[in-house]
Amino acid sequence: MHEQIARYLGKLQRHGLIEGPGDAALYGLDDEILTNAGRVPGTMRELFALLNINSLIIARPGPLFRYVIGHLCLREPGLICPRDCESLTFIHDIPVVESLDPRRTAQALNRRKGCIVGGELVVTTGTVSLEQAFISLSSILFATFVKFFADALNGLHGYGEPVPRGMLDALPGLLARAEPRSSAEPLPERAPEGEDEILRAMDQAGKAVVNARLVDSFFGNISYRDGGAVYISQTGSSLDELPGYIDRVPLDGSSTCGITSSSELTAHVKTYELTGDNAILHGHPRFSVIMSMFGHPLPFGDRRSIGGVPVVSGEVGAGARGLVHTLPEAMREFHGAIVSGHGAFASCTGSFREAFTRLMDMETLCYRTCCALVREKLG
Amino acid sequence: MREQERQLRALFVDLRTRETRREELSPFVTRVFLGGRGIGAWVMGSCPTVHPLDPDAPLVFSTGLLTGSRVPSSSRMVVSAFSPLTGTVCSASVGGRLGLSMRRSGIDLIRVAGRAEGPVVLVIDDGRVGFEQGDIPADEPLSGVFGRLEGAGWSAAAVGRAAFQGCRYASVMVDGAFASGRGGLGLVMASKNLRALRVRGTGTAKAVDPEGEEKARTDILRLFDASPAIMGASGLRHFGTSALVDLMASRRMMPTANFRRTYFPGYRSFCASAIREQEAPKRYACPGCPIACKGKGRAGIPEFETLSHFGALNENADLGAIIEANRICNEAGFDTITAASTIACLAEIRGVRYAGRELVDKVREIASLTGDGPLLQLGSAELARRMGRPELSMSVKALEMPAYDPRGAYGMALAYGTSTRGACHLRAYPVSHEILRKPVATDRFSFSGKARIIKISEDLNAVIDSLGACKFAFFGASLEEYAKGFSSVTGIEADTQDLLSFGNTISSLERHINSLRGFRREHDLLPERFFTEPGSSGAGIEVPPIDRKAFEEALDRYYRIRGCSPDGTFPQDKAREIQSCMSR
Chain U
1 MHEQIARYLG KLQRHGLIEG PGDAALYGLD DEILTNAGRV PGTMRELFAL LNINSLIIAR
61 PGPLFRYVIG HLCLREPGLI CPRDCESLTF IHDIPVVESL DPRRTAQALN RRKGCIVGGE
121 LVVTTGTVSL EQAFISLSSI LFATFVKFFA DALNGLHGYG EPVPRGMLDA LPGLLARAEP
181 RSSAEPLPER APEGEDEILR AMDQAGKAVV NARLVDSFFG NISYRDGGAV YISQTGSSLD
241 ELPGYIDRVP LDGSSTCGIT SSSELTAHVK TYELTGDNAI LHGHPRFSVI MSMFGHPLPF
301 GDRRSIGGVP VVSGEVGAGA RGLVHTLPEA MREFHGAIVS GHGAFASCTG SFREAFTRLM
361 DMETLCYRTC CALVREKLG
Chain F
1 MREQERQLRA LFVDLRTRET RREELSPFVT RVFLGGRGIG AWVMGSCPTV HPLDPDAPLV
61 FSTGLLTGSR VPSSSRMVVS AFSPLTGTVC SASVGGRLGL SMRRSGIDLI RVAGRAEGPV
121 VLVIDDGRVG FEQGDIPADE PLSGVFGRLE GAGWSAAAVG RAAFQGCRYA SVMVDGAFAS
181 GRGGLGLVMA SKNLRALRVR GTGTAKAVDP EGEEKARTDI LRLFDASPAI MGASGLRHFG
241 TSALVDLMAS RRMMPTANFR RTYFPGYRSF CASAIREQEA PKRYACPGCP IACKGKGRAG
301 IPEFETLSHF GALNENADLG AIIEANRICN EAGFDTITAA STIACLAEIR GVRYAGRELV
361 DKVREIASLT GDGPLLQLGS AELARRMGRP ELSMSVKALE MPAYDPRGAY GMALAYGTST
421 RGACHLRAYP VSHEILRKPV ATDRFSFSGK ARIIKISEDL NAVIDSLGAC KFAFFGASLE
481 EYAKGFSSVT GIEADTQDLL SFGNTISSLE RHINSLRGFR REHDLLPERF FTEPGSSGAG
541 IEVPPIDRKA FEEALDRYYR IRGCSPDGTF PQDKAREIQS CMSR
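Taken in order, these protein sequences are the chains called U and F.
Residues in the first sequence are numbered consecutively from 1, following our numbering.
Residues in the second sequence are numbered consecutively from 1, following our numbering.
Hints listed in this document are in silico derivations from the structure and should not be mistaken for laboratory results.
Hints may contain errors.
What the hints assert, rightly or not - Calculated from the model, a selection of chain F residues having no Cβ within reach of chain U, i.e. all distances over 12 Å:
1. L25
2. C47
3. D125
4. W154
5. P571
To be verified - Only some residues are given here: those of chain F computed to face chain U with a beta carbon under 7 Å:
6. P210
7. H433
8. V440
We put the CB at the ideal spot given by N, CA and C, even for glycine.
Construct the complete structure from the given sequences, taking the supplied hints into account.
Printed below as a string of structure tokens:
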């Protein structure tokens, strides 16, 4: 458990979710509570006693996230309702409680996987491992960030509730602080050959996507087609820790080992069929998602574009309204597309290099478009 | 209590006198025990030490509080009794339409006691209760029996010839294709001379808050779509549970040759794609379930456990023989897992292999009580004991292990030990996180954190079984979404924590009943083989024997977390607390 605590504390910092190790207390419980916080406070013991959980994280996120969360708590006291696809599917809504009172916090955590406390702390839990609590924390920060900017942008342009003056004043400064990374170490140009090289290339590409903050580690997926098989990251795998978590799925249907593969396996396979490409990266770049939610909600089957990049609708997976029905066709033309409220996909032939560059470019484009739309109204 | 809160409606049947009585159970009992497995445990708790085949021993058919609702994949029901195979409290969840018919008939629980003078069929027609002569030939195949019992709007449960011949692992079959399979509940039913239960119900089951029910339904369906294990291209929706064959083989945890090895090179002959190619099965579903995991080709398609145990466990690569063995089990009504495991045990004792035609012959001998049938129908624990090799029964509390080798998943190892009905994969279902990565992946070769995970999972699965929900649904959704559905359907305000605390009460009550029946720590241990013999390492996966000390330490932690003493029983104050739930 100590090992898990150290691992996820490190990830919180590396992913820019907290500033320093003192900003998060992680707790793990088997038959006794272990933590990085030195001793276990009485409130935590009480909270654990009120919940059937084995892990809990209390984090004070970085200043940008804190501002965003604080503002949303003022606008939607009691319950924050994000609209992005991942939140809609997995976290539904985010309860807000005033203080770390064990009973009230437990009440909120009995309803949902995480909550916001006192307008600045995020508390999340897991019943299986700290990984659950980490994923929920990462999801809540992603969801609140996206909601804040999407609401602001839509409000500013008359697509949503008017934006309060304070929020408007802060917007340019916040955007400047949220600028995505625009450069990264390029990936190798040479296409991988053979299984070992493919797995290495996927590992490298996964790390690059996470380091470039194009995804918050556990979301997104990555695949590579090699002849009659697709290598794809497993469901819920961490893109910066892929070795051992990649499935080889034969395309002739001769094996069901893909049962542990990413939920977007079918969309990847169809994209390969339509594009002739052999490498796909899928991330959740924040401004790509924010910009995809600008304007009226996109009806299923419709499409629009941001600077030529297609934006389609579609839910996670292969259901009747799944992105498998919309994304591959869009990918055929541009080898890159954004799924509204969800994330961005990019594909290419050869190595992952071109897809990675495209994903970065799409995010930069969306960020600049977002800034331009703010400037247009605020000057 | 809210005015509209649902309460469980019980029917008490005495087969000796043919008296019946209806009762609405108290709000407290409804709220805490929920229906299904929970209410079964509540009934068993009223007579905790009765012999399984005593005429007064109860047999319970119960629906869950969600059965009949629009909450997806929640139309299951549960059969409960004391097991003649294990001596433990026992319940088995089953699909089909019977639960829905009971619910629509206005009955959530049927408690059967007494022994009828001759074979009878209990008939419930839209709430009206009656009896018919059960003069169906005892050796009639169950497909024929169901042909007689079913008809427009009727649903049925029945026992086959195995039960009337005294098979200790006879099952209760439902609607012809679904088995309440484990633990010999069919033998209990036959011991009461209850040949069958027929139910027709045309009522409706309206939610207290239809809008909330619809919201929960939408959330759950969205999660199903996002789950590779459920709706993915290789998932249950497309291949049923046979989808697990390739996975278990690739993880080197497919029990082979009576658990002497954990990899069977011939697995490709009975994997999902082989079945699709040879049988072209059509998929079908329990009511209200979009997963549709059941398959039917020329005959019923065996479930994963059956494929693996009639396949790898018996070193048999003949798919036709597996399908035929499965058909015979279903026609005579006995548990495929125990049957396959008992045959594998006999084969090891004799130093032979029963595969292909010989395997089918052994299964037929169980069904017809010929040849080795009288020995095989005892189950592997008793068979091995009688043959002087008790260590070769791969069972816990005399219930045979399913098709997940514990050396390949340590949470599963612990869960086999602590399960209240013996070696059962479903009581805590660690396959979900150790193999299928849901809700997140855990290290399958470590006991770290597993004691608490297993305790919480046992409570969670007690809730799932008590609500009438399907475990497969939880490869996508979670109790968070089902709790919303539960409150909307029943009007009972309960969040995740409330439901888990009910699950804790149910799991703890079952353990307490077992302790009153003499079960102790030594009954929670695995067969020696798993601590001394390695599995089949390969493909970069090392499968060593389980570290006994680490297992026992995890068991100690589990007991502390569950509130038990080191011997696995509850201390007096805790026992009183559990019993107090019974008396309210």
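Taking the earlier hints as the rules, which of them does this structure contradict? Result: hint 6 breaks, nothing else.
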